[in-house]
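Taken in order, these protein sequences are the chains called A and B. Reminder that position 442 of the first sequence reads as 442 in our numbering, one-by-one numbering, no gaps. Each position in the second sequence, counted from 1, maps to that position plus 442 in our numbering.
If you're looking for bench data, these hints aren't it; they were derived computationally from the structure. Think of the CB as a built atom: it goes at the ideal place given N, C-alpha and C, for glycine as much as any other residue. Mixed in with the good hints there might be a few duds.
Claimed, not checked - Taking lysine-lysine pairs in the DSBU-like style, the calculated list, with each CA pair at most 35 Å apart, reads: (1) A:K65 - B:K507; (2) B:K541 - A:K65; (3) A:K412 - B:K507; (4) A:K388 - B:K854; (5) B:K854 - A:K65; (6) A:K388 - B:K507; (7) B:K548 - A:K65; (8) A:K388 - B:K541; (9) A:K427 - B:K830; (10) A:K170 - B:K830; (11) B:K858 - A:K388; (12) B:K612 - A:K388; (13) B:K507 - A:K106; (14) A:K412 - B:K830; (15) B:K869 - A:K65; (16) B:K830 - A:K416; (17) B:K854 - A:K402; (18) A:K65 - B:K858; (19) B:K614 - B:K548; (20) A:K99 - B:K507; (21) B:K858 - A:K402; (22) B:K743 - A:K99; (23) A:K416 - B:K854; (24) B:K869 - A:K416; (25) B:K830 - A:K99; (26) A:K402 - B:K869; (27) A:K402 - B:K455; (28) B:K507 - B:K858; (29) B:K507 - A:K416; (30) A:K301 - B:K541; (31) B:K507 - A:K402; (32) B:K830 - A:K106.
What the hints assert, rightly or not - Here's a subset of chain A near chain B, in silico, CB distances under 10 Å, partners left out: (33) S81; (34) G85; (35) L92; (36) L121; (37) K125; (38) N286; (39) N318; (40) A329.
Protein chains: 2
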Amino acid sequence: MLGVGKDKVIMKKTIITNGQFIIWNEQHPIVNGCMVIEDNRITYIGTEAPLPLEQYDERIDGTNKLFMPGLVNTHCHAAMSLLRGYGDDLALQVWLQEKMWPMEGKFTAHDVRWGTELSILEMIKGGTTTFVDMYDHMNEVAQAVERSGMRAVLTRGVIGLCPPEVQDAKLKEAVQFARDWNGQANGRITTMMSPHAPYTCPPDYIEKIVQAAHDLNLPIHTHMSETAREVQDNVDQYGARPVEHLEKLGVFARPTLVAHAVHLTDEEISLLQKYDVRVSHNPGSNLKLASGVARVPELLKRGVKVSLGTDGAASNNNLDMFEEIRLAALIHKAVTGDPVAVPAEEAIRMGTLEGARSIWLDDVGALEAGMKADFIAIDIDQAHFFPKTNYVSHVVYSASAKDVTDVWVDGKRLVKNGECLTIDEEKVLAEAQRCFERLTSA
Amino acid sequence: MLGVGKDKVIMKKTIITNGQFIIWNEQHPIVNGCMVIEDNRITYIGTEAPLPLEQYDERIDGTNKLFMPGLVNTHCHAAMSLLRGYGDDLALQVWLQEKMWPMEGKFTAHDVRWGTELSILEMIKGGTTTFVDMYDHMNEVAQAVERSGMRAVLTRGVIGLCPPEVQDAKLKEAVQFARDWNGQANGRITTMMSPHAPYTCPPDYIEKIVQAAHDLNLPIHTHMSETAREVQDNVDQYGARPVEHLEKLGVFARPTLVAHAVHLTDEEISLLQKYDVRVSHNPGSNLKLASGVARVPELLKRGVKVSLGTDGAASNNNLDMFEEIRLAALIHKAVTGDPVAVPAEEAIRMGTLEGARSIWLDDVGALEAGMKADFIAIDIDQAHFFPKTNYVSHVVYSASAKDVTDVWVDGKRLVKNGECLTIDEEKVLAEAQRCFERLTSA
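Bound-form chain A, shown alone:
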């Protein structure tokens, strides 16, 4: 807002002219023209400016730029970027137990702060405007999100492999965090409750977390069916595959987002559909950890909401959401032998609109009057965007994080000509490096 007049709040009006805008219209996905942003909302998109240009507070020339909704990363552990490249090419359980958990056990709030800032810097410059984060020391994460200007859905992921009093303390902390931060940062932060996974939380602990989610009226986020081994272990230990197990524990009575969901039977897909459980597909991480290839075409066919996540940078190893969009469009074609499995239009929506819908953000993820102004600009005056044919195809099959020049979240410009306006980049890189060195020297 620019200021307050006698009777009303005066909104800042910005117009982008001469741009190309991706909208969710299958026949005509590109608007050549203008977009107007007032305060934190898009109020107009069309070929002609609705008012004379001098009536706008800010005029931005969109020539040679492609505008699209900001990318939505629905599964991340931002602080794990401190472990990027630390322990590659290992199976999930070995990687977790021998590499990640011992190092993460040493993480202080200070480490989480700088690991998260490192990830936010990478995500924001690469066009991600919203991310889901499940981790520990979440106050640090929330503060970093608040400072950065990004949008996030945050949750303290709890692992229940510990004595009951430690379980209780963790749950109390998770509840406190979820209550304190839900709706904060001008509504940019919302929260969820998270049992880390069926294999890291005893059933009675999961039930307690579900009850807390009911009490707070919040959704649940959890890892599920990431590896074949995890599924088999679940059957051996609890006599049921993870989907049935979580259903019995009442998890799906809450709105739920599950990450991975690689190993599913037809019956399990039906259950997910029945409960409107949303799936965060993490193709990069699933490939790297050799977890397998999720049954995304079947999930989509059955109407399950599928979005995309990077997972943490330790198993990806970057946070480039364009890459996840591309992998989602590419791998299912080869694995199913069907060249129209997950077409480009579907993949780009999974990385934007479906991402927002999957995390209950109903006014994010589209360039459309009334939607929150979370959007990005891509420099299309480059060889890999020529010829100027199908820009949805070019974004899905050819773009990368580094093509992003400008980013707006909630109507505020966070990246301008490739420079992040809200983060001291040099300091973040140096501090993250210092954390890593301390962690590995100890």
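Mind docking chain B on chain A? Use the hints.
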């Protein structure tokens, strides 16, 4: 060369200081220090400068840069970038017969020139220093390569689905091209002979091409076993799968590079190994066209030389070789369930050293005294390269074409701080666009 003295040619001496250099030493893959280039060769790499710095004609500060061998793209049809985004999400045969071939039939030499320039621009700025190109109007391609300063192995790909006199004319043209250009552009261009594929060339025509390759003493490059349908068609038509078929036709009596090789039996892998046939693995294209996933781990285990190619931009859709390296490292892990299938070290070599070896360039692909000075610099002062842990991992799992800041080929700097010094970028983009518009309006 700077000039010619009384008795000898005076070489230009360049030193890069304060750099980090990737070398092919598994235990110690990074040298922190200096590299010296004299004329077109690397003459030194080590921690200390061999001479006082003032004795070098050019001194380059390598701070915050990672230097590595230039990327080698072993299968491309550069001019097809004109068809980027034109006909996505289709099966190979439909895509070829209904989209690509009708449009390519209209390509003039002018189109091939600008399509190739567009691809060269994208490749060179993205760190590719050598590429294999199989296409038509190859004089245009060779001239574009010569002007750009890149290294290339070029071949007129011939399709024999035409009357004998047309076949003969094509072969004659291919022979003429191969003879004219082999060793040209200071040796930066070498040539091969190419039957396009077993499914596009009758057996007797392939035999004639093989004979020509014998006469010219040149290697052979061909598409092979890209789709299951092609393999089955080959069995139906000729009573043999493609590998046995090509063996019978004498192809493998010549040094041979085959592209794709997705559908192979164990026996076929043995045959490829026996004849030292090199495989250009094109993961991006194979995924996009739903061709399948090549048996790369098995090929590597059996000692077959495997390199990486983008294929044309119409089936990829970019020419980012970092992406091919990453896909090669990622997809085989998930498909085989083995998290160490194609480790990072193997993938980066496939995109560089093994690429050069696969196309008979024995002094390209390594930062090592005596090797040709084909190398690139990457800006590692960015979030996705932190923490500074394992740079081979960071390149494979986190880098992209846009991270490349500088490129040298044959000792000559072609890209400086992201600007291509040998190509008029604006003109190339405009001309390529014009060609596309003419082709689609006709």
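Now the hints, each set against the structure:
1. Between the alpha carbons of K65 (chain A) and K507 (chain B) the distance comes to roughly 29 Å, so the proposed pair stays at or under 35 Å and holds.
2. Of the supplied pair hints, the one linking K541 (chain B) and K65 (chain A) holds, its CA atoms being roughly 28 Å apart against a limit of 35 Å.
3. Restraint check: the Cα-Cα separation between K412 (chain A) and K507 (chain B) comes to about 33 Å, which is no more than 35 Å; the hinted pair holds.
4. In summary, the hint linking K388 (chain A) to K854 (chain B) is supported, as the alpha carbons are separated by about 32 Å, within the 35 Å threshold.
5. Under the criterion of a C-alpha separation no larger than 35 Å, the hint pairing K854 (chain B) with K65 (chain A) is consistent with the structure, at around 33 Å.
6. The straight-line distance between the Cα atoms of K388 (chain A) and K507 (chain B) is roughly 33 Å, inside the 35 Å bound, and the hint therefore holds.
7. Distance restraint check for K548 (chain B) and K65 (chain A): the Cα-Cα separation of roughly 31 Å lies within the 35 Å cut-off, and the hinted pair is therefore satisfied.
8. Of the supplied pair hints, the one linking K388 (chain A) and K541 (chain B) holds, its CA atoms being roughly 17 Å apart against a limit of 35 Å.
9. For the proposed pair K427 (chain A) and K830 (chain B), the alpha carbon gap of about 15 Å is at most 35 Å, so the pair holds.
10. With a C-alpha separation of about 33 Å, the suggested pairing of K170 (chain A) with K830 (chain B) holds against the 35 Å cut-off.
11. A C-alpha spacing of about 27 Å is found between K858 (chain B) and K388 (chain A), which places the hinted pair at or below 35 Å, so the restraint holds.
12. For the suggested pair K612 (chain B) and K388 (chain A), the alpha carbons sit about 33 Å apart, so the restraint of at most 35 Å is met.
13. Taking the CA atoms of K507 (chain B) and K106 (chain A), the gap is near 31 Å; set against the 35 Å cutoff, the hint holds.
14. For the hint pairing K412 (chain A) with K830 (chain B), the CA-to-CA distance comes to about 32 Å; that is within 35 Å, so the pair holds.
15. A distance of roughly 19 Å separates the Cα atoms of K869 (chain B) and K65 (chain A); the hinted pair therefore holds under the 35 Å criterion.
16. Distance restraint check for K830 (chain B) and K416 (chain A): the Cα-Cα separation of roughly 27 Å lies within the 35 Å cut-off, and the hinted pair is therefore satisfied.
17. Between K854 (chain B) and K402 (chain A) the CA atoms are separated by roughly 26 Å; this keeps the pair inside 35 Å, and the hint holds.
18. In summary, the hint linking K65 (chain A) to K858 (chain B) is supported, as the alpha carbons are separated by about 24 Å, within the 35 Å threshold.
19. Our distance criterion of 35 Å between C-alpha atoms is met by K614 (chain B) and K548 (chain B), whose separation comes to about 22 Å.
20. Our distance criterion of 35 Å between C-alpha atoms is met by K99 (chain A) and K507 (chain B), whose separation comes to about 28 Å.
21. Simply put, K858 (chain B) and K402 (chain A) have alpha-carbon atoms about 18 Å apart, close enough for the 35 Å limit, and the pair holds.
22. Proximity of K743 (chain B) to K99 (chain A) is assessed by CA-CA distance (about 27 Å); at most 35 Å being required, the pair is judged to hold.
23. Between the alpha carbons of K416 (chain A) and K854 (chain B) the distance comes to roughly 34 Å, so the proposed pair stays at or under 35 Å and holds.
24. Pair hint K869 (chain B) plus K416 (chain A) holds up; C-alpha atoms about 27 Å apart against a cutoff of 35 Å.
25. Among the hinted pairs, K830 (chain B) with K99 (chain A) is consistent with the structure: their alpha-carbon atoms are about 17 Å apart, no more than 35 Å.
26. Between K402 (chain A) and K869 (chain B) the CA atoms are separated by roughly 23 Å; this keeps the pair inside 35 Å, and the hint holds.
27. The straight-line distance between the Cα atoms of K402 (chain A) and K455 (chain B) is roughly 34 Å, inside the 35 Å bound, and the hint therefore holds.
28. Pair hint K507 (chain B) plus K858 (chain B) holds up; C-alpha atoms about 13 Å apart against a cutoff of 35 Å.
29. Proximity of K507 (chain B) to K416 (chain A) is assessed by CA-CA distance (about 24 Å); at most 35 Å being required, the pair is judged to hold.
30. Between the alpha carbons of K301 (chain A) and K541 (chain B) the distance comes to roughly 27 Å, so the proposed pair stays at or under 35 Å and holds.
31. For the suggested pair K507 (chain B) and K402 (chain A), the alpha carbons sit about 17 Å apart, so the restraint of at most 35 Å is met.
32. Of the pairs offered as hints, the one joining K830 (chain B) and K106 (chain A) holds, with about 19 Å between alpha carbons and a cut-off of 35 Å not exceeded.
33. Nearest Cβ of chain B to the Cβ of S81 (chain A): about 7 Å, under the 10 Å cut. The hint holds.
34. Taking 10 Å as the C-beta contact cut-off toward chain B, the hint placing G85 (chain A) at the interface holds, the least distance being around 4 Å.
35. Given the 10 Å rule on beta carbons, the hint for L92 (chain A) holds: about 8 Å separates it from the nearest Cβ of chain B.
36. A hinted interface residue such as L121 (chain A) counts as satisfied when its beta carbon comes closer than 10 Å to some beta carbon of chain B; here the least separation is about 5 Å, so the hint holds.
37. This hint holds: K125 (chain A) has a C-beta 7 Å from the nearest C-beta of chain B, less than the 10 Å allowed.
38. Contact between N286 (chain A) and chain B, as hinted, is supported at the beta carbon level, the nearest pair being about 6 Å apart and thus within 10 Å.
39. Hint status for N318 (chain A): holds, given a least beta-carbon distance of 4 Å to chain B, under 10 Å.
40. Proximity of A329 (chain A) to chain B holds as hinted, the smallest CB-CB distance being about 8 Å (cut-off 10 Å).
Of the numbered hints stated above, none is contradicted by the structure.
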